[in-house]
Every structure is written in structure tokens, then in C-alpha cells.
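S.K.: Chains as they are written, first to last, in numbering that gives the first Met the number 0: chain A, 0 to 94; chain B, 0 to 484; chain C, 0 to 474.
Any given hint could be a false lead.
Heads up, simulated PhoX-like pairs for lysine-lysine below, C-alpha to C-alpha not over 25 Å straight-line [to be verified]: (1) Lys403/C x Lys82/C; (2) Lys226/B x Lys236/B; (3) Lys31/A x Lys369/C; (4) Lys83/B x Lys369/C; (5) Lys31/A x Lys403/C; (6) Lys446/B x Lys387/B; (7) Lys212/B x Lys236/B.
Just so you know, these hints were derived from the structure itself, not from any lab. Predicted, not measured: the structure shown is a model, and the values here were computed from it.
Each chain, letter by letter, is given below.
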Amino acid sequence: MLDRDQVLHVARLARLELTDDEVDRMATELSKVLDHIEAIRELDLDGVSPTSHVIDIVNVLRADQPTPSLPRETILAAAPEPLNDGFGVPSPGAA
Amino acid sequence: MSTGTVQYEPVIGLEIHVQLSTRTKMFCGCELSFSDPPNIHTCPTCLGLPGALPVVNEQAIHFGIMIGLALGCDIAERSLFHRKNYFYPDSPKAYQISQYDVPLCLGGHLGDVRIHRVHLEEDAAKLNHLGASGRIHGSDRSWVDFNRCGTPLVEIVSEPDIRSAEQAREWLILLRTTLRQLGVSDVDMSQGSLRCDANVSIRPAGTTELGTKTELKNMNSFAFVAKGIEAEIERQKRLLAAGEAVVQETLHFDPITGSLTPLRSKEEAHDYRYFPEPDLVPVLATEGMLAAARADLPAELPAERAARFERELGLHADTARLFAFRAELGDYFERALAAAGANGGAGLEPAELSNWIAPLTERIGSDADPARSKVTPEGLAALATMVKAREVSRDAAREVLTLMVSEGGDPRAIVEREGLGAISAEDDGLGEIVDRAIAADPDAAEKVRAGNMKAIGPLVGYVMRETKGRADGGEITRLIRERLG
Amino acid sequence: MSELIDLTAAQAAERIRAGEIAAAELFDAYRERAARDELNAFTWVADAAPEANGQSGTPLGGVPVAVKDLFCTEGVPSQSGSKILKGYRPPYTATVVAKLAEAGAPLLGKTNQDEFAMGSSNENSAFGPVLNPWDRRRVPGGSSGGSAAAVAAGLAPWAIGTDTGGSIRQPAALCGIVGLKPTYGACSRYGMIAFASSLDQAGPFTRDVHDAALLVRHMVGRDPRDSTSLEYPGEIELPRAEDLKGLRLGVPEDLTGSEGGIEPGVRESFEATIKLAEGLGASIEPCRLPHAPQALSAYYLIAPAEASANLARFDGVRYGLRVAGDSDLVTMYSRTRQAGFGAEVKRRIMLGTYALSSGYYDAYYGTAQKVRTKIAEDFRAAFEQFDFIVTPTSPCTAFELGAKMDNPLAMYLNDFLAVPMSLAGIPAISIPSGLSQGLPVGFQLAGPAFSESRLLDAAHALEGAIGFDGRQARR
């Protein structure tokens, strides 16, 4: 069902650098799971509306009132690379 | 096919992002901020901490509905939020909460450009780049400031109804004025609260099939929008003329060089994997919400105002649009018009009054608000009325206006003080001066007598000089022709 | 000491209220047991009883609670069983945990779990597997295996966990205790590190049904920070029923038939419990849930799809693990996530990403959502004829460590009887119905949305008739 190229494509989308072994294993395992799942595509679901939520509520809205923010030192304490009072990352523009 | 003689028609659609001026962010209670120290307006939600959840800001929905109503859109009875998945450091959850297939507003139009859709979403964080230039290319490290992250955004997508760069610029100004008047945004392009991307394609004039389009980004001023689109139209024309094809791509406009550079193709391979945001429930535009939005709409929107200026007041179409799109000019004009009416106005036509706005803005700076100048609308109305009543010549009135700009005051008093009142044939011996002019230049007089009206110039000029511009040009011409006719 | 440990939470709260024992004394007794944990049930244990321990006046009396690792607790490790969050201490506390603390159930410790709640055996934890107190060679079930094992072994008086597709009910069944998955939306999800947002729901693990009612009544309620949380209609009542007179129980043949792979010992215990229910006055009839057998497939598309987005935030930028910080951005992302996530999490991220990807959405995710609609309709129809649907909780008893690790599909089939209720968002409770070859078996009752009080009442009556003795696991 899923070949290596598809696995690699999905892994790129998901930002996972899989090992070679994992790519093969993933192709086998996911294919097996998808085979099982395929069954639902045989159901007659014409005219059935999708459920993304079981709860039937609408308009859960918040008043436009400020609430306290977190102190900068608190949020930066967890940062792998604090930089200039912010969160350092490899520059997306770097070669 | 020979392309040498093909005329191309540009087809342009705009995508505009507008930061809403709510107090707090789209999905959390952090305050909006501009130019505050980095990372002081964050919380678990806008920082994408594990376990945090979004809750929709009701004021953002209110503003969204107001915009939809102002643009004549259909407001969706029930709209949804989706997750748009992509990895980038400015996106803390690695998905943006945005509206996808069921946006808040659909259809509508602004002026003669149709609106495709209007939807709500959240803004990204700000990515800063280390290094001297502060720009992304050549920088090794970047750092993220999440203050802006989660600011409510409205995305307005037009239909591809725009046919020139200048029309795009003008329409964008109309949109800005409209949004400003709604009070929903600062709409400041230099601050990024109004951002514009353009989809540009060209096609042989007279055909209806759309050409391959490119997307232009980062045009952060009205002038750059026009410049960028113009440059892209020219680029596409050159490509087609050379027998090459336009490639669908995203181009980055460099305001310094005016050039367009393609964004790296790797960034382009997007598969956003949209799906309904399970952390939020649908938004239902209730009668109450619609009524509240309607109640907050201004009595008249710029597009309607332009139509009224043109149709009811008889202003020139360009003037009507200018006054409507730059609301401060329209407001000033309408106050002057009211003052002129209150003073009898001497039959002053609105169009005649409108002609005095341009001379005023020339004197105070073209972007300045005349209401902040020393010239009151009443004063300008009085001056225009004096000209209409021939109490002061047009040229003298311009001099008076210059004085009003520098010192303020009543035009009548200035005219009196400076002795700039109009000279009329009956009272002030204008006829005698005309006689002298004819005597001083018999050649010209002879030509005029022979029917060459171009020769009248030097005679009029003589009179103007003699009267220091206080005589009315039309009156002088009439007197000369009376004598030489 | 052992006397203290044998009290149910409600009994302990009552003793504290009466001044017979001090809350701090109880806390310390459990803290010491938790600290000596040999089951690997805890990933963190409190140093000392909380300062303000004048909790005798509170409804939960100061009886401490063990909390699944994925609930954020301010300043306390909250790692969701993942290497990518190793050592992460959040700056805020989950609503449910805060509510319990306020009601008088302070935090005893954080419990081990399958990484990001993905698993049915607790073997997918970056902090090692949890052992089943009934047999240490066996799994406790998952994903809330630490919470289940801790309560079963008497390392905690009670605990909370989360259930996405059985992650409370199945480990409760395998550990011989009570586990309740409330109605979706009853408890706030704010501060729960998300697995599948439209399914995740917090719930209690307790030794008996009464404790479950007592704990869950202080967990529910609308939270302005969770848009999908609902005002609970009324209060959850403490159960009193001793019989099941007039109740109609439906046995869904679509689930309990051959397809479910129910082990003989489990079936035996289930049928014996059905007999007990009849003896208590219930009527038992077969019922239809025609789409329920497809629930597992729908679940294994919907949950991974949502998870693929929920877990995208673990990118090495703001918190948690970072690998290859000196390389380019995409490499940093890809190596961080590759190193930080375990095999099962990666598998589900891949599955979910694939199900949502361009060209496959309608065939997979879209179809699964339609199946979900049909499953909810099936239950609605069934509840017009029946008060509750009953099934075994899990097709099997606790299996040996490693037995299913190489076969993801076999592992997923453990959830066959649990996921239909998750997709329908309805409450379901698992109570121990007896032993099969020395291992606990769970009996599941499911009711319509917000039927928790009635469900607990029925479970209470059955519990009395079953007379399960869990002391053996608390040695």
C-alpha cells in the first residue's frame, strides 16, 4: 500500500528524519494498519454528514478583556536557546 | 505565434491581511502590543505550550461581521475554524488557526471590485535576524518574539477584477479608508497592520482565459504595491514576448531595489493538511450579533460617499473618489460646503468649492489633514464665495490663501488689509487700464481685431501686471473684446 | 499503617473530617509508598505534604491524588511520557488538577503513561514500562497505566488519567479497579497535553464506585479556557443503588460477537456478571450497534490525524528537547522530532499526516468522520430501548510485557470494545467483574451523555453483587 517514497514524503511533511530501517518498517506496518482501516471505505456513507465534534454547541466566545501574561524569564527558562530576549533558532535563510 | 503586436491585459487580485484593533489576541487574553520589549505579551495559549487551548475573542468576530457587512458580503450562518499545518519558527503550534472552507463572509464588493471572501485567523510571531542587515538572507541565527503571535487578522480576498497597478493602489486606499472608518484596524502599512499580496497574470486583451499567475509578497506601502505589480506585469510581458512561459511562483518584492525574487521552491511544496480545529466550536452569526455589527457601521461608507459626491454634488469623478477615499478631505470639504450654504454662498456650486481643496493641500503638504491647518472650512468657504461674487480675482485669492495658511484669519480682512479686492470696470477704472494696454501694444491689438484670439495674451498680461492680479481674467478679456470686437 | 492504606478515599476523608487521622499523616503514608514504588508507576513524587494542609474542611478532605504525567502541573515535571518533554516543568496547572487541589485533593505525584497517551500497555513510555501489580511480568494496560497500577497497588488512594480510546477503562480493567470516562466536554481539557482533542477526556481511577463518583464530581464543570467544555447539568450524585430493578441493559452483539476476539476467561466473567445483573432485577437483551465494529478503523484515522497536528508543536524552539541546533532549520526540526519521539508516536504521526495529506483527506479522514456520525446515531437509537450498553471492557486480561510490541495492529485491537463510546463522546465505566486465571477482568457499562449519576448508581449495585477483592494487589 505505502511504498518507501510515500513514507519519505509523509516523514518530510511531519518533520521526522527516519532511519533507513524505520522507513522500511513504517512502510510495512502502516500498510498493514491501512489495510485493516480500508474496510470503512466500503460502507455506504452517501449523504452522511461528518462529525468533527460530538458536542453540539456554538459561539463559545471570550470577552475582549486582557488577562495577565507570563513573565519573560519564566517562558525563556524552558527555551533550548535563549537569544536576545527571545527564542533562538537556526535562521531559515541560512544556506 | 508572433507576440510582437499582441496587447496584454493584466488581471490582478489582491489578498489583504488586516490586524484587528481588539484589546486582546484572537484566542487568548494577552494584550496586543506594538513596539513593546520582546516576549512580554505571551501566555500558554499564544506560546503554544503543551495543553493550552484557544478561545475565540468575541470582539474579533464582531469586527469581522462589520467588515463583511461593509463589503456587502453574505455572512455565513455557521462558520468554522480549521488548522493549517506548517512548520516555521513564527508558528508556535506548527499550525495556524484559520478559516478554510466555511469562512465568516463570502461574496460582496467594494467599489467596482468584487470580494471573494473574508475570513478570520491569527497572526504569526515576529522572526528577527541577527547580523548587520537584520535581514533573513545571510543571517545565521534568528530569534522569535511572540508578542505579535495570535493577533487577530482578517484576510480579505478580492476577485481578479483589477486591471492595472494604479487601480490596485487606488482600490487598496479605498479599502484602507473603509476599514479605518469602521474603526476595526489601524490599517497602517508601515506598521504591518495592513499587508497586501497580489496575484498577477496577463492575457491577450479581449480573451477571457486566465494566464498563469504569480503571487507577489512584501509590498509594504501603497507606492510599492503599484511599483511591484507594474514590475511584474512588465516582467511577464517580456517573458511572453521572448516566447517563454510564466511560471507559477511566489515572488518577494525588494523595496530597495524594486526587484522581484522567487522564494525558494522548497518552501513552496506546501501541503497544509487543513482539518476542522477540534479545540473550537462553530461560530453562529446570530440575529443579535448581526444587529450589533450593523449598529456599529458608520452612516456612510467611502464607496457610497464617492457616489454621492459625484451624483448629488456634481463633483468630478476623480475629486469625488479622492474626497471619499481620503476621508479627512471629504470631511473638510463637507464642513466648508455647509459653511458656504449658511452664508448664502452667492450661488457657489459644490464643484466650485471643491476646486479650492487642491490649492489648500498644495500649500499645507499633500498628505496633511486640512482640518489641522490654520485655514478653517468657514474661511475657505468665504474665500470661494468671494471669488464667485467676483469680489476677488482667482489669482488674488490664491495669494490670500497662502496668507491664510501661514497666519489664519478671515479672508475678507486679509483682502482689505492687503488691498487685493477685485477691480471692476465700473468702479475702479479697469476700462482705462484696458485702453492703455491696447495703446501700448498696437500690434497685438491689430491681430485681435483681425480675429487672432491667441494674440490677446499680452494685452491681458499687461492689465494683470497693472492691477497686481486683482482684476478678473474673464472680465479683462470681455473688456478687450468689447473694444476690439 | 497498612490500616490507613486499606481505607477507600472516601473513608479516609471521613476519618480526617472526624479528626481521627491527620491529612498530613495520610499524605505521608502514601508519599512513602509512592516513593518506594517498584512498579515504575510514578515519574515524580511530591517531597512533602503541601503546606496548607488544613484541608479537613474541604469536600475531599486532603486525600492526595496521583495525576497522569500529561496533566500540566506548575513547576512539576509534566512530560507526557516522552523524551521530547523530559524535565519539562510547565508554568501553569491544568484546570482539573487545580480544581481537585481546591476541593482538597493535593498532588501526590505524577504517574507514568504511554508516550502522549498512545498505547494500550504502557510500554511506550520514555520512562520505561509500568508493571501490573497482579503479576509483574504483565502490563497494566494503557495509556494511563501508571495511574491504574498506583491505585491498584495502594501507592495512591485514587488517581486521575485520560481516556481517548479506552486509556482509562482498559488499564482499570487490567488492574482490577474502577475507571470512568466521563461524557466528552464534562471535564476541562485545559492543561492536558493533547493527544486527540475531539476525544480526550479526563476521568478518575478509584478502588470502588463510590470513590469514583466522589472524585469525578469535583472534576467536572465548564471551564472558560476550554471552548469544548460544558456546564455539567446538576451535580454528580454519590451512588446508593443496591439493585438494578427496572433497568434495561443491552448487549451489543456487533461488539461481543466473534469479531471482538474476546478471550474465553473474559467472556465467562462477562456472562457471570450479566447473570448477577439479572439477579439484581435488570432485563438483559441483545442490541444492535451496526457500525460499532468500524469504530476502531475510524478511531485509528481520527486520533492520529489530530495527534499529528497536536504534536507538531514539539519542534525544539520554545521548550523540550532540541537536537542538531547548529544545523539548518529543517534538519534541527527533523532530528529533534526523530530523537524525541518513540516508535509508536512516530507511527501515529505518520498515519495521521498521511490521512490528512493532499489527495487522501476525503478517503480517510472525511470517511472516518462520517463513520463517527453513524456510530453516534447507533448509540442514540440503542439508548431509546436500553438504559445502558454493557460489554467486557477489554477483550483480554493483562498480557505479558513485550507480547504485542511487534504487532501494532494486534495492540490496536485491544481498544475494540472501548473506542465506540469514545467516538460517540458518551460516558462509560469499567468495574472489576472477577478474575480469570488470577488476572482481573473488567465489565463496561456505557450510558447516554451526562448519565454519569445513573451509570455510577448501576455500577455501584453491580459492584456490591460482584464483591471483587482487590487487596491482593496492594501487598
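S.K.: Tell me, in ascending order, the numbers of any earlier hints that this structure violates.
M.R.: 6
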